[in-house]
Amino acid sequence: MTPQSSPLPKVLAIDDSELIHRLLRVRLQHEQIELHGSMVAVRGLEMARELQPDVILLDIEMEGMDGFEVLQALKSDVDLQDIPVIFISATASMEDRVRALDLGAVDFVAKPFEVVELKARVRSALRVQHLVKMLAQKAQVDGLTGLWNRTYFDRRLSQEVSESIRHRRPLTLVMCDVDGFKKLNDERGHPFGDMVLERLAKILQSGRGSDIPCRYGGEEFGIILPNTSGSEALEVADRYRRAIEQETWPSAVGKVITASFGIADISVLPGTQGVDDLIAAADSALYKAKLNGRNRVEAANINQSTG
Amino acid sequence: MRLTPDDTTLRSEFADDPDMAGIVALFVRELPQRLAAMHAALSANDLEQVRVLAHQLKGAAGGYGYPKLGEAAALVDHAVKEGQQVNVIRSRVGMLAAVAARIRP
Ligand SMILES: [Mg+2]
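Residue numbers (our numbering), protein chains in the order written: chain Z, 1219 to 1525; chain L, 14 to 118.
None of these hints come from the bench; they were simulated from the model.
Fair warning: there could be bad hints in the mix.
Which bits of chain Z does chain L cover? Going by a derived footprint, with three or more residues having C-beta under 8 Å, they are [what the hints assert, rightly or not]: (1) 1231-1242; (2) 1250-1257.
Beta-carbon label-pair distances, calculated as ranges [claimed, not checked]: (3) Leu1226(Z) to Lys81(L): 51 to 59 Å; (4) Arg42(L) to Arg1457(Z): 56 to 64 Å; (5) Pro31(L) to Phe1286(Z): 36 to 44 Å; (6) Asp29(L) to Arg1417(Z): 39 to 47 Å; (7) Ala110(L) to Lys1351(Z): 46 to 54 Å; (8) Gly107(L) to Lys1351(Z): 47 to 55 Å; (9) Ala111(L) to His1348(Z): 33 to 41 Å; (10) Glu61(L) to Ser1294(Z): 27 to 35 Å; (11) Glu1287(Z) to Lys94(L): 13 to 21 Å; (12) Leu1353(Z) to Lys94(L): 42 to 50 Å; (13) Leu39(L) to Val1334(Z): 18 to 26 Å; (14) Leu1321(Z) to Glu26(L): 29 to 37 Å; (15) Asp29(L) to Ala1328(Z): 18 to 26 Å.
All values reported here derive from a predicted model rather than from experimental measurement.
We put the beta carbon where it would ideally sit given N, CA and C, even for glycine.
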């Protein structure tokens, strides 16, 4: 998964009337969106958590929990509070509209809705949400390589570590460092060094879709491999290593560029370890790869990470 | 005086929209059940249920191309909300049923 991937925006409709859901499915079928729906407010909130939709269309009058209560629940949840909410309601009193907007809804569409207006309002909310997401993403993307940056890496790795522990799923971290990079930079200048990093980033991005390559800092990359055991990761890392070794460089370079890799499988760490232990283990494996002659992959094992 | 079919039937404003044909037909097919449910709620003196059903029709009918039906449903919704006498509500449900009887795809 790389910063460029951007799936269809998701729209979640919460309304207690099947008639409205049918209508929305037909009326929004040609929009570039993925439409989801719930007829029960509580279920709608659950779906919002699962789907992380880009826009929520929310009815006011519903049995049990009404639209205002749903909106309040959304706004008090850190994971959901930034999702724009458009109220769609047959109760279009001025008081309701003002209350909805005061509570943080971005827009209000009266039922029965004009199709053109509904589409325009959904598109407008999606545009704003897209920009907000893009800005948020921009703060997490490395300017030179276009890979995720260190900020993203730290957040994502701790997320993946908790997921891995909670669901007992494998997780492996790969650290990668360009061999002799300082020398390259000194001899050929920084623009050359930058070019090498950009090319390497391209190679790391061309791997499996589930790999999460990040620029860790300087000439070091961290690749998070969710759902991947240490032995699988050995093969994955070695494919990256070979791809780098086999890369054809401009003839002026006159030499082969290589990188070393260290991998750490969370399951070989003793006990329940944190993010820092995983990074330290992968780093010491990387160090071993450097000591053992560079352009190779080494794996951390229990002895190493404890001793 | 003889009424021509155009005076008696209400066709969907979206009758010519092929995207809408399926759900409009379904809406018309299900309409008698919705009215029956409203009458049943009225007989059971469950005015809140009458209002909920009318409210949903009020919000949706226009979307299916039947604004007159939506307006008739709104009158029922408002009558209950305003706390009108049961006979007023019953007469408005009757008016809504009369409009519904004229609905065709
Ligand atoms: Mg409703």
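Hint-by-hint comparison with the structure:
With 6 residues bearing a CB less than 8 Å from a CB of chain L, the segment 1231-1242 of chain Z meets the requirement of three and the coverage assertion stands. Here's how the segment 1250-1257 of chain Z fares: 0 of its residues keep a CB closer than 8 Å to some CB of chain L, so the rule of at least three is not met and the hint is violated. About 37 Å separates the C-beta atoms of Leu1226(Z) and Lys81(L), a value inconsistent with the hinted range of 51 to 59 Å. Remark: the range hint 56 to 64 Å for Arg42(L) to Arg1457(Z) is upheld by a beta-carbon distance near 58 Å.
Checked against the hint of 36 to 44 Å, the C-beta distance between Pro31(L) and Phe1286(Z) comes to roughly 38 Å, which is consistent with it. Separated by about 57 Å at the C-beta atoms, Asp29(L) and Arg1417(Z) break the suggested range of 39 to 47 Å. About 49 Å separates the C-beta atoms of Ala110(L) and Lys1351(Z), a value consistent with the hinted range of 46 to 54 Å. The given range of 47 to 55 Å is respected by Gly107(L) and Lys1351(Z), whose C-beta atoms sit roughly 52 Å from each other.
Look at Ala111(L) against His1348(Z): about 48 Å separates their beta carbons, and that is not inside 33 to 41 Å. Distance hint for Glu61(L) and Ser1294(Z): a CB-CB separation of about 29 Å, consistent with the stated range 27 to 35 Å. About 20 Å separates the C-beta atoms of Glu1287(Z) and Lys94(L), a value consistent with the hinted range of 13 to 21 Å. For the pair Leu1353(Z) and Lys94(L), the supplied restraint of 42 to 50 Å holds, since their beta-carbon distance comes to about 44 Å.
At roughly 23 Å, the beta carbons of Leu39(L) and Val1334(Z) sit within the given window of 18 to 26 Å. For Leu1321(Z) and Glu26(L), the hinted distance range of 29 to 37 Å is satisfied, since their beta carbons lie about 34 Å from each other. A C-beta distance of roughly 25 Å is found between Asp29(L) and Ala1328(Z), which places it inside the suggested range of 18 to 26 Å.
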